[in-house]
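Based on the hints, put chains H, X and G in the right spot on chain A.
4 protein chains.
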Amino acid sequence: MAIIFNRYGKCRIRLVKVRRAADPHDLVDLTLDVQLEGAFENVYTEGDNSSCLATDTMKNTVYAFARQDPMASPELFGLRLAKHFAATPPVARARISLAEHRWERLTADGHPHPHAFIQPGGERWTAIVEKDRDGERVTSGLENLVVLKTTDSSFSGFPRDRYTTLSETEDRIFATSVTASWKYHLGTAEFGARTLIRRRLLDTFATHDSRSVQHTLHAMARAVLDACDDVEEVTLALPNRHHLLVDLAPFGLDNPNEVFVATDQPYGLIEATVRR
Amino acid sequence: MAIIFNRYGKCRIRLVKVRRAADPHDLVDLTLDVQLEGAFENVYTEGDNSSCLATDTMKNTVYAFARQDPMASPELFGLRLAKHFAATPPVARARISLAEHRWERLTADGHPHPHAFIQPGGERWTAIVEKDRDGERVTSGLENLVVLKTTDSSFSGFPRDRYTTLSETEDRIFATSVTASWKYHLGTAEFGARTLIRRRLLDTFATHDSRSVQHTLHAMARAVLDACDDVEEVTLALPNRHHLLVDLAPFGLDNPNEVFVATDQPYGLIEATVRR
Amino acid sequence: MAIIFNRYGKCRIRLVKVRRAADPHDLVDLTLDVQLEGAFENVYTEGDNSSCLATDTMKNTVYAFARQDPMASPELFGLRLAKHFAATPPVARARISLAEHRWERLTADGHPHPHAFIQPGGERWTAIVEKDRDGERVTSGLENLVVLKTTDSSFSGFPRDRYTTLSETEDRIFATSVTASWKYHLGTAEFGARTLIRRRLLDTFATHDSRSVQHTLHAMARAVLDACDDVEEVTLALPNRHHLLVDLAPFGLDNPNEVFVATDQPYGLIEATVRR
Amino acid sequence: MAIIFNRYGKCRIRLVKVRRAADPHDLVDLTLDVQLEGAFENVYTEGDNSSCLATDTMKNTVYAFARQDPMASPELFGLRLAKHFAATPPVARARISLAEHRWERLTADGHPHPHAFIQPGGERWTAIVEKDRDGERVTSGLENLVVLKTTDSSFSGFPRDRYTTLSETEDRIFATSVTASWKYHLGTAEFGARTLIRRRLLDTFATHDSRSVQHTLHAMARAVLDACDDVEEVTLALPNRHHLLVDLAPFGLDNPNEVFVATDQPYGLIEATVRR
Chain A
1 MAIIFNRYGK CRIRLVKVRR AADPHDLVDL TLDVQLEGAF ENVYTEGDNS SCLATDTMKN
61 TVYAFARQDP MASPELFGLR LAKHFAATPP VARARISLAE HRWERLTADG HPHPHAFIQP
121 GGERWTAIVE KDRDGERVTS GLENLVVLKT TDSSFSGFPR DRYTTLSETE DRIFATSVTA
181 SWKYHLGTAE FGARTLIRRR LLDTFATHDS RSVQHTLHAM ARAVLDACDD VEEVTLALPN
241 RHHLLVDLAP FGLDNPNEVF VATDQPYGLI EATVRR
Chain H
1001 MAIIFNRYGK CRIRLVKVRR AADPHDLVDL TLDVQLEGAF ENVYTEGDNS SCLATDTMKN
1061 TVYAFARQDP MASPELFGLR LAKHFAATPP VARARISLAE HRWERLTADG HPHPHAFIQP
1121 GGERWTAIVE KDRDGERVTS GLENLVVLKT TDSSFSGFPR DRYTTLSETE DRIFATSVTA
1181 SWKYHLGTAE FGARTLIRRR LLDTFATHDS RSVQHTLHAM ARAVLDACDD VEEVTLALPN
1241 RHHLLVDLAP FGLDNPNEVF VATDQPYGLI EATVRR
Chain X
2001 MAIIFNRYGK CRIRLVKVRR AADPHDLVDL TLDVQLEGAF ENVYTEGDNS SCLATDTMKN
2061 TVYAFARQDP MASPELFGLR LAKHFAATPP VARARISLAE HRWERLTADG HPHPHAFIQP
2121 GGERWTAIVE KDRDGERVTS GLENLVVLKT TDSSFSGFPR DRYTTLSETE DRIFATSVTA
2181 SWKYHLGTAE FGARTLIRRR LLDTFATHDS RSVQHTLHAM ARAVLDACDD VEEVTLALPN
2241 RHHLLVDLAP FGLDNPNEVF VATDQPYGLI EATVRR
Chain G
3001 MAIIFNRYGK CRIRLVKVRR AADPHDLVDL TLDVQLEGAF ENVYTEGDNS SCLATDTMKN
3061 TVYAFARQDP MASPELFGLR LAKHFAATPP VARARISLAE HRWERLTADG HPHPHAFIQP
3121 GGERWTAIVE KDRDGERVTS GLENLVVLKT TDSSFSGFPR DRYTTLSETE DRIFATSVTA
3181 SWKYHLGTAE FGARTLIRRR LLDTFATHDS RSVQHTLHAM ARAVLDACDD VEEVTLALPN
3241 RHHLLVDLAP FGLDNPNEVF VATDQPYGLI EATVRR
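Protein chains in written order, with the numbering used here: chain A, 1 to 276; chain H, 1001 to 1276; chain X, 2001 to 2276; chain G, 3001 to 3276.
Because the hints were derived from the structure by calculation, they are not lab data. From a predicted model like this one, the values you see are computed outputs, not experimental measurements. Please note that the accuracy of each hint is not assured.
[Said to hold, decoys possible] Under 7 Å between C-beta atoms, here's a sample of chain A residues computed to sit facing chain G:
1. Arg7
2. Lys10
3. Gly38
4. Asn42
5. Val43
6. Leu53
7. Asn144
8. Tyr267
9. Gly268
[Claimed, not checked] The following label-pair restraints were derived from C-beta to C-beta distances:
10. Ala1002/H with Gly2135/X: 20 to 26 Å
11. Leu3253/G with Asp2023/X: 49 to 55 Å
12. Thr1263/H with Ala2092/X: 26 to 32 Å
13. Gln1068/H with Glu2232/X: 43 to 49 Å
The beta-carbon is built from N, C-alpha and C at its ideal position, and this holds for glycine as well.
Here chain A stands alone, though its shape is the one from the complex:
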């Protein structure tokens, strides 16, 4: 018997840093996972902990680094942590996952407030940073960006087998929660493309004449690559949050694409990776 894969670490480290040096205050809110791979076999087989950095130490390290770091972006903070953890044998690979919870400055009495914030929902900005002997890799992303369009979405011309009952439609609701991730060319990348990428994803979702979720996904991915030279590949996952037209005929009413049931499950899920 052999251990062919092992990984361990600390998950869901919750870190909030307030930058108070200047007025107005600035706020960073992160959830981090630290995960290490390497030649830890003796920990497993012998109960020998001499190489087993405690996961509690990983947590402490995150907080100590946060104190000393400008926290300019999750990617750069993740890279510093990955370098630190990858430097100690027998670690072969350090993986830092970061999710940033967004806060926007509150406007109070008509002015931006210097130290009050509001959380604009469940959208998260993500980064996964890995360091091993082959170098560093950064994947940035966003999750839970929820959008809907009431028209310009069709689905027709699909194959019909003996189990097909779905009607063709030229006009349906298209609702989804975007999960996106993209890989930067390292070296050139400054990790500053998230706002532009988000903008291009939203613009394309809104304006695309959709013949399927796949069709719009591809247009969104292409728009990202067109707009951002230092992104080399983008992955999108779009759940199809089905909105079913309610049959009101039994009540003597028509339903000209107005009244829908929003359903949670089952749902379609469309995923693809597009590379430059």
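Structure of chains H, X and G alone, referenced to chain A:
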């Protein structure tokens, strides 16, 4: 033995209505509960269903009414449903709970898009409408409005008993998820105060010099009553989402109110109702 | 303006106590809420914290009491906490909510293991204890007891209005998650009835010839009152977790009550309180 | 630009099948995902749906197959579905994920009841079945098996760097939620090992003298491979659900490993794959 309370109905009816008459499209997204009370004892004791309106019928009714209703506000739609259900014996009270999931119009290519929307997070706008022999009652509200301030919040001067270890603090993070509800003077109310109430809650949270969660809660409630003449009472529930200062001294670092652990549990919970 | 209701406290205090005195070990796993009401107006209006026991102190108190308590039942532990917190002015009412997470002893190598446990799912055993000037009140209960029967459940004879489309059925799946609570005659009660009550709830659910959820709910409540003399009233809430028969006719197949879609929402919800 | 990965399908198909042929009734409760990969590029780039089997059709297919299948195990049902979906070009790989929600027969009035069931918690039995040109692969597993031991768990001898504050301990609580998966030698496998594997995981967790989560994970994995000849590799993921000893010294109390705070986050996470 006697049945001293009974209530039944359909919960989590998911309704999306698109108003297509005009361009741009408009969107209403609701989750509703319909609940009835009344002299239904025979249903329970005898298995006699002759008075037991099926909960499936309640669901159908919501969708049929939605087709014919302008859906100007959750309160008005709820009142129409409540009147309908309360009109049939043996119903003594109809209760409609509505939660509106907010959507904002997407700005695409720099312009408001006519039929694309984005969901600005988990905030919900709520209404509870009741109709019985004593008349109609409407409670409006909002939930999951998440805010944080990095200063202007203290907690000191509290009593110390043998179990008290908490230090006094003159400067702490104050983070909460606001749940608010308010009762209108019926007759005069047009149910249009939510935007103003939300504005006053946020302004007061941001600018109040807080000596406790209770202290700020009271200021927020008072601001609502000051601003809205047709609101007669307001209830607030403010969880204290504790942010604990990390002790970095073991690592030779200070922590001048900069690095915090955001904790989920346990949490303080402060509730109060203020009446004009 | 006046504060007409106020309550505050600490929620979701997570407490695990191991009784190690004897072998085998014993385990109690609780989540507690402590909530106080009283004449705390000055805390709200003046920011005067001199009467405001810190919620952190409440948490400390729970752990200190747990160390010294035999933890024989959540009800008795809750009563001790309620008495402690209600004894200090200006507290007018102390309310302790407890949820016990169940653990069963693991059987290892065919024998009950002295210190290994398994969690048999999401069922929680609950208690709410209140103490105020009128005395003490205890409500015990259980939550998330999930059961299903494949037959002996019908729903017919219900009224048909213009919005009714549901077919009558003489044989359907009945699935629910039982939430039950009951009030003891204080003085006589030893709080030891939970196992018997749970047994009677399950026996009645299984064997009742159900004409509606209401019909079975009433039989279950009556069975509890019949079996437990020191229970004076019982409340049940039974969601109807609908299982919809799949229409297989388009595929040339019948479906003799065999293949179902289990749905989460919407769901029926039936609630009643039966008093001796 | 090129699409370098694409996958689509229907997720969270909820299927309940009652086997009524014999008395007592039998019950299977599954949540399934169907996912297809293949040469679907035209769907994405051209909006050409002629090869795009609707996800609604996938759902219908699952229900139609369920009607005709003995549903002897999730693995065998998954294999039949995978073969069906993989047979139609341009599908290159079909992936069926199944999670079985367990139900146990209720004992009513002291006897096993022929058609009433209780859900023993959140444990799920899982299978992932894949079919592509290289053949079929089956991975079986279980999730959310929650266990705890009150002793026979230590953690000491770990390295101490400048960020280490954790004390060594010779006696701590070890609590986890087991996620396990294993791969069968296809051909010989009958997919009947889950009960034995679950038994070996529990026995080993209970009786192992643990020097770390890793140490016990390895013993558990080895026990599975020792017991089941037709399993070729096993993967375990064990979160360390930390139970922190409460410091009661400020209250003049000792705490001889009796009173703990159960914490949700952060948590350690230990993963490994062991191959025969």
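Quick rundown of the hints versus the structure:
The interface hint given for Arg7/A holds, since its Cβ lies 5 Å from the closest Cβ of chain G, which is under the 7 Å cut-off. Among the interface hints, the one on Lys10/A holds; its C-beta lies about 5 Å from the nearest C-beta in chain G, closer than the 7 Å criterion. Against a cut-off of 7 Å between C-beta atoms, the interface hint on Gly38/A is violated, since the closest Cβ of chain G lies about 12 Å away. The restraint placing Asn42/A at the interface with chain G is violated, with a minimum CB-CB distance near 10 Å, outside the 7 Å limit.
At about 5 Å, the closest approach between the beta carbon of Val43/A and any beta carbon in chain G falls short of 7 Å, and the interface hint on this residue holds. Given hint, Leu53/A at the interface with chain G, holds; its Cβ is 6 Å from that chain's nearest Cβ, closer than 7 Å. Interface restraint check for Asn144/A: the shortest CB-CB distance to chain G comes to about 16 Å, outside 7 Å, so the restraint is violated. For the restraint placing Tyr267/A at the interface with chain G, the shortest Cβ-Cβ distance is roughly 6 Å, inside the 7 Å limit, so the hint holds.
Annotation: Gly268/A was flagged as interfacial toward chain G, and the flag holds, the nearest CB pair being 4 Å apart, inside 7 Å. A C-beta distance of roughly 24 Å is found between Ala1002/H and Gly2135/X, which places it inside the suggested range of 20 to 26 Å. Checked against the hint of 49 to 55 Å, the C-beta distance between Leu3253/G and Asp2023/X comes to roughly 23 Å, which is inconsistent with it. Remark: the range hint 26 to 32 Å for Thr1263/H to Ala2092/X is upheld by a beta-carbon distance near 30 Å.
Range check, Gln1068/H to Glu2232/X: about 47 Å between beta-carbon atoms, so the 43 to 49 Å window is met.
Of the numbered hints given earlier, the model fails hints 3, 4, 7, 11; all others are met.
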